[in-house]
Structures are given as structure tokens and as C-alpha cells.
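Q: In order, the protein sequence lines correspond to chains R and G. The first sequence begins at 17 in the numbering used here and counts up one residue at a time. The second sequence begins at 17 in the numbering used here and counts up one residue at a time.
Source of the hints: derived by calculation from the structure; they are not laboratory data. Hints may contain errors.
Pairs of lysine-lysine residues, derived as DSS-like cross-links and limited to a Cα-Cα distance of at most 30 Å, are as follows [as the list claims (entries may be wrong)]:
hint	chain 1	residue 1	chain 2	residue 2
1	G	K19	G	K279
2	R	K220	R	K194
3	R	K70	G	K427
4	G	K434	R	K70
Keep in mind it's a predicted model, so treat the numbers as computed, not measured.
There are 2 protein chains.
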Amino acid sequence: MNKSILITDVTLFTDPATPLLGNHWLLTQGNTIHSFGPMDTLPPQDDATLIDGKGKLLMPGLINGHNHCAMTLFRGLADDLELGEWLNDHIFPAEAAHVSPEMVYWCSKLAAAEMILSGTCTVADGYFHEEQTAQALLDTGMRAIPAQGIIDFPAPGVADPKNNIDAAEAFLSAWQDKNERIRPGIFAHSPYTCSPDTLQRAKKLAAKYQAPFFIHVAESRLEPELLMDPQGTSPIRHLAALDLLDANTILIHCVWLDEEDRKIIQESGAGVVVCPQSHFKLASGIARVTELEKLNIPVGLGTDGSASNNSLDLFREMDILSKGQKMCTLEATAMSAQNALASATEVNARILGFSRLGKIAPDYMADLILLDLNQPHLQPCYNGDLLVYSANGADVTDVIINGDVVLRERKFLSFDLKETMQQVRRLATTLNSSLS
Amino acid sequence: MNKSILITDVTLFTDPATPLLGNHWLLTQGNTIHSFGPMDTLPPQDDATLIDGKGKLLMPGLINGHNHCAMTLFRGLADDLELGEWLNDHIFPAEAAHVSPEMVYWCSKLAAAEMILSGTCTVADGYFHEEQTAQALLDTGMRAIPAQGIIDFPAPGVADPKNNIDAAEAFLSAWQDKNERIRPGIFAHSPYTCSPDTLQRAKKLAAKYQAPFFIHVAESRLEPELLMDPQGTSPIRHLAALDLLDANTILIHCVWLDEEDRKIIQESGAGVVVCPQSHFKLASGIARVTELEKLNIPVGLGTDGSASNNSLDLFREMDILSKGQKMCTLEATAMSAQNALASATEVNARILGFSRLGKIAPDYMADLILLDLNQPHLQPCYNGDLLVYSANGADVTDVIINGDVVLRERKFLSFDLKETMQQVRRLATTLNSSLS
Chain R
17 MNKSILITDV TLFTDPATPL LGNHWLLTQG NTIHSFGPMD TLPPQDDATL
67 IDGKGKLLMP GLINGHNHCA MTLFRGLADD LELGEWLNDH IFPAEAAHVS
117 PEMVYWCSKL AAAEMILSGT CTVADGYFHE EQTAQALLDT GMRAIPAQGI
167 IDFPAPGVAD PKNNIDAAEA FLSAWQDKNE RIRPGIFAHS PYTCSPDTLQ
217 RAKKLAAKYQ APFFIHVAES RLEPELLMDP QGTSPIRHLA ALDLLDANTI
267 LIHCVWLDEE DRKIIQESGA GVVVCPQSHF KLASGIARVT ELEKLNIPVG
317 LGTDGSASNN SLDLFREMDI LSKGQKMCTL EATAMSAQNA LASATEVNAR
367 ILGFSRLGKI APDYMADLIL LDLNQPHLQP CYNGDLLVYS ANGADVTDVI
417 INGDVVLRER KFLSFDLKET MQQVRRLATT LNSSLS
Chain G
17 MNKSILITDV TLFTDPATPL LGNHWLLTQG NTIHSFGPMD TLPPQDDATL
67 IDGKGKLLMP GLINGHNHCA MTLFRGLADD LELGEWLNDH IFPAEAAHVS
117 PEMVYWCSKL AAAEMILSGT CTVADGYFHE EQTAQALLDT GMRAIPAQGI
167 IDFPAPGVAD PKNNIDAAEA FLSAWQDKNE RIRPGIFAHS PYTCSPDTLQ
217 RAKKLAAKYQ APFFIHVAES RLEPELLMDP QGTSPIRHLA ALDLLDANTI
267 LIHCVWLDEE DRKIIQESGA GVVVCPQSHF KLASGIARVT ELEKLNIPVG
317 LGTDGSASNN SLDLFREMDI LSKGQKMCTL EATAMSAQNA LASATEVNAR
367 ILGFSRLGKI APDYMADLIL LDLNQPHLQP CYNGDLLVYS ANGADVTDVI
417 INGDVVLRER KFLSFDLKET MQQVRRLATT LNSSLS
């Protein structure tokens, strides 16, 4: 574990603001990046694990700002449906019947496999039986913020919503110091499924454990009408009135904001995570990210769960983030490739509270990915834009997380992928036969 | 060449309207599909090439309705720029200095490699020195409609625009009966770069050779102001006034249409090809495909060239086509995965004039692709929706075009990919050094 790794002769992408550096080496030490430089300064390293980077690009591991990992079981189960029908007739019944600790473990592990294979090293997750997701992500080698769901309805593992805060506290307390790669969080489902009192107690709990507080908000244009006991005329004003917004709050979605909402977010210091593919596919709309950027509100990127995307590939997500902003503003300069890359790396790191993550620099965490540039769709390679507009997750060959090689030439060193796929297929067969 | 191929034990996707068929076999004969059925009806085939389809999905090869293959050289050269600056300061100067017959050959071959590797068997192309693109596509094993560009400006290979029609006729005449996989066409650049007289002569030429007539139209909201000698108040009405619209006309882009434009297209029988990623990236806007569907106007799908996308992966394009329509209509039922799949297969076939292409049926052309389902992002596999919302081009393992295996386990049998990449890298190095 954590043997030094020396990557040689690689094209280096350190961060979005820096041009590509050809023919470089990089050395890790323990779980951090030690140093890097051009090949003519290659240091002698007799006892490091060597990785030949020739023809490859080395970049920071991507960070997924929002996921519901366990929902891989529902990928493709019900597409092209109106939101209410999708939720009420398909997703909620499937969850009620098929979410178990075992299901959450294996389906989260499958999500981790997909994420690692597409270059994601860190994920912020929100679901139920979250201890299973935490364990699955730990077992696969990922870095993660698993956040236990809180909702004022019966939920998997929390049959009586009266116990939702206690269940969340048990989770925080069990996982807060378990492993350096796992930092537990709180996921309050939304202001239309949690009462003001529940939201405030959830936020207080997060503060007590210095845990990040996630909440779905302003996803649908109908949400203002659905708020539980509204304390404001918009979902954001409702949360602000409840004193829920600060730098430890991460607002997921934010598709439907007005000018006042944006000002409130700006002043609060809260972060925003958008999930453009999910917003598109569920016909929620398009988050006006360029308007948030103007106010210097940090906007990170997430995939959302596999039931509403249906892909956990952040390369795809960066591409749509950028192109969507250009389309809706009719400005081709909007949301550059550089900004999209920042959203899925250093901005997500900042929002999620990681101080040394999301770029390649000495003493930063050694979360690194290699891509095979030697492919037709990545020719020519003039600059790093191709990571957004041309690359996809399948170009990733190797993944290092916290200084350990997790994926080598697309083979997992950290866990048994075949077993995971077999387990999920078995669960899907059960689900499918229950439908027919 | 054209030895029978027997694919066994495969999951079969015959066309978007039919559910997936598990454990099937399929047999080709010559350049067509002979028959298929469940494994318990497997016929004896001693002399066929055998392909084990276990764990794979077999579907019709995708059809790219619009590309500028040679522009792979300009991929990533200039991103995130306003359209005028992009064209006038980057693309046009690069084309003037770097487009040569040699460049068109190698860069088209690179495009073909990318397309085949992502499951595209047929492409409609439009550019200059089109005989080189035709030869490159022929050499790689693709099926294609290469269309010679016509424009009232000096162009690569046609220094004096007075010769643009003659050059196009020479191309049609040279390629019309050369090979069953290559059908030459005419590509009139646009109503803002071709005079009414040029457009009418180009259309007449296409009619003389029964060749498809392609034209860029209604791409930008500024286009009505840019028409050369306008004959109508919109680009579509301009083309209609010039009598250019009929079932052999393919209208590329159609982002900015009004109700009257749509009625005119509907009555003319012309086809439409949209390129959503290019429309997004260049900030052209979003083509309202659902409005065209209501009038039963056939809408096909294209990637556009690599300079404005920057990917030729039609799986990605289908995904954005579908999600974009849901987003802009705020209707999650809009542009289902099935419809997106039809756009890139049977609808494109119809628009481009192929009567037996775009689905799996006896006597249809044997253009077939296999995808590896045995991957985390394609689990579970409930139905064919995953081809749009979860798959990507890198999932393609094998490609058969016109009854010949062109790609086997992602290795080309038809040409030398390494040589092609080296040639394009050499051209890109020349281009890059001319910029610095």
C-alpha cells in the first residue's frame, strides 16, 4: 500500500489554467503527489512502482459532486416518462420492494466500478442504508462523501420517519473516523419531502459533526408549490429563512433560480452542484450556470444517479455542461472547456471541503488518472480542450487513488468486478421477474 | 471477401420498435443479411466465418447523416469562440493554408477510423477534394455518400468559383459507378455562400446524376440577413422560391425555422438532418425536432465535422439529441430513446435514399455492429434504451460493412490505422508550427 509511484514520459495536465506539459515525469509519495518535472530532470527512483506514460495523458482524478450510487439497479428501468409517473409508478415502488442493505452494497460497488473506469476518484453520494454505500466505496478504493438520506417518509432502513435524524447520527458517528478516504455527510432529500423542523434538525446534526450538508433544491419549476410549510416564496428563500445556507451546505440542482435566489446563495457562501444530463433527461430544464459564475458562486458538477442520466461518466457530463451553456445563452464563449474541467475537479474539491484535491501540485492528494491519447478520436492533440469535447471515460487506462493503484490497464486491482456484476445481474433478474 | 458470417448466441436489436431478442443467431450471405433466429433453430454452417456473440449486442450499423470528414485536422484547434471569430480567424485561414488532396485523404481516413470504432458504417460527407474523401472511405471499408462542395468563393481544389459546377460534375461522373459502397453527391454549402444561380445549377446537376443534394440551411439566427440575393424572407422560403426542395434534397441543421418553413419542408418531401452537438457548441441554438416530428418530416442525425463537435461518436449524438429535446420542451416523453435510435439508423437510411439499410431484416444490407454488454455501465440491461442513455462508441467491438468484417475486437482488418494516425500527426505538427 502507498508505495511510491513514478510515472514517466507522460503528457501532463496539472489544472485547467495550465497548458499541457509534454514529456514529463511525476512521483507520488505515500498518499500525496511528491513532485513532477520534464524528463531531462528525471530523478532516480529504484524502489518506486514504475508506470510508462508514453502516449498517455496524466490528469487529476475527477470528482463527482452528486450521485445516488445504489440506483444503478434502476438504470434503464423506466425512461422517457413524465417526472411524476417516473417517480410514483416506477422508481418509488421499485425502491420500496428492492432496496435492501445487500442491494445497496452491490449496486454501489457497481457504480464505483463504472466511475473508476471513467476516471472518477471521488464521489459525493446520497441515499439510504448509506453505511453499505460507504463500505462499498471503501472496498473499491474510492474517496467518498457518503451522505445518509433524511426524508419525512418511510425510507429503506428507516421505516418510521421519526427515526430519520437518529439513523443519520448513528451513521455519522460510525463512519466519521473510520478511514481517511471516507468522510460521512448528511443528505436532506428536499424542501418538498422534509418539513422545516426536519431540515433544521438535519442541518444542526451536520454542524455537530462538521459534516457536509447536501440538499436537492430548485430542480423542477413546480417546486415552489410543493414546499412543506413554505417559509419563503421560492425553495431557496425557504431554505434561507430556515437558516440552512452556509459554506457547508451544498445545493444540488438549482435549475430554477431567480436573481434574488442567486444573491442569497452568493451571500451565504453555499456551493452549487448541477447535474445537466439528469436535468435534461427528466425535462427539469437547464441550470443557468453562467449566471451563477458571474456572481462567483462555485458551481460543481455531478452525474446524479443512474436512474435519471443514465451514465456516471463525468467526461460526458463535462461535455454537456459546456455545450448546454453555450446553447442556452447563444454565446459560444460560455462555459469554456477549461471551466467545465474546473467544475469536475478543483471547484468540486472546494465545494466538498477538500483542501488538497482536484489538481496536480506537490502535497496534493495522489488521485490521478491516465488516458490513452493514441486513439483516432483524440487526434490531433492541440490542447486540453479535447478532454471535454472529444474524450470519454473509456479512454481512461489507469487510476490511482490516495497513492494506490486501483485500476491498471483497465483491470481492477482493488476488488472483484466479475462478482459485482454477477450480484447486480441477479438482483436485476429478481426485479424484472417481479414486474412481469 | 463477402464470405458468409454466422454470429451466435447474441442479444439482437433488430430495430427501435422491437424488444431485444436474447440468445439469437444471425447469418449473412454475400453483402446482405440472410436470416436470424433463436439459438435452438441454429442452422448448420460449415463454411461461414463464426463470431461468438456471447455477452454482446448485435444491432444495425449507425448512419452519420452529416460530416466534413477531412476536418479532423482542425479538431480542438479553436474552441469556445464566437462563430465569426472561429470561422474567419481560425477555420478559414487554416483551410486556406492546409487543405490539400493529401490532407483530405489522410484526415478523412482518420475520421473513418473514429466512426468505425464507434459503430458508424455509413456516412454522408460534404467537403472539397471530395475524390480524396471518397477514396479514403472506400479504402477503410465504409459505405458513404461523399458530396463535392460547391461555394461561390475560392475553395480547396477549385481556386476559381466559376469552375465549381464543372468540378462537381467531374466528381460525380468519376465516382457514380465506381463501387457499390460509394454513391457520390452534391453539397451546396449554403444560401449565404452560394448565389441563387449557383444553387439552381447545383441542384440541376444533382438531378442529372440522380445524386443527393445537401445544403446547410437555417443554422444561425442571423442567416436571413446573410442570404445572397434573397428570394424569400427566410432561408427555407429562399430555397423554396428557387425550387430546390424535393425528396432528393437533404436540409442540414434547420435550427431556426418558423411554422411556415416547417409546412414548406413537409410539403416538399425534403429530409432534415440535425447535428445537435455542433449546434450547441457553436451556440447556434437547438433544432426543434419535436415540431418537425409532428408533421412527419423525417429527421436524421449527423455529427457535423470534428472542428465543431468535436466527436464523431453517434452514440453520444443520439443521447444529446434525445436529452436536448426533453430539456427544451420540458417534456420528458419527448424524443424517446427509440426515436433517437431511429434517427441514426432507419430514418437516416430513408433520407439518404438507401432502401435496404438501417435495420436488421432479411435482404437488408449486412451493415452490423457488435457491442460488449459485459461492462459496469451497461448493467443491468432491461431494454434497448441503454444504447442511447448509457452506451458509447467505445463499447463497439466488431463492425461488419456490406458483408465484410472491417473491425474485429477493435482491430482494423481493412487498413493500417497506425500509418493513418502518423500521417495526421505529421500534418498537425506542420499546422501547429505555422501558428507559432
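Q: Keeping to a limit of 30 Å between CA atoms, is the pair of K70(R) and K427(G) held or broken?
A: Status holds; Cα separation ~21 Å.
Q: Check the hint pairing K434(G) with K70(R) against an upper bound of 30 Å on the C-alpha distance.
A: Status holds; Cα separation ~16 Å.
Q: If you draw a straight line from the CA of K19(G) to the CA of K279(G), is it 30 Å or shorter?
A: The given pair, whose Cα atoms are some 47 Å apart, is violated under the 30 Å limit.
Q: Between K220(R) and K194(R), does the CA-CA distance stay at or below 30 Å?
A: holds, 22 Å
In terms of the numbered hints stated before, the structure departs from hint 1 and from no other.
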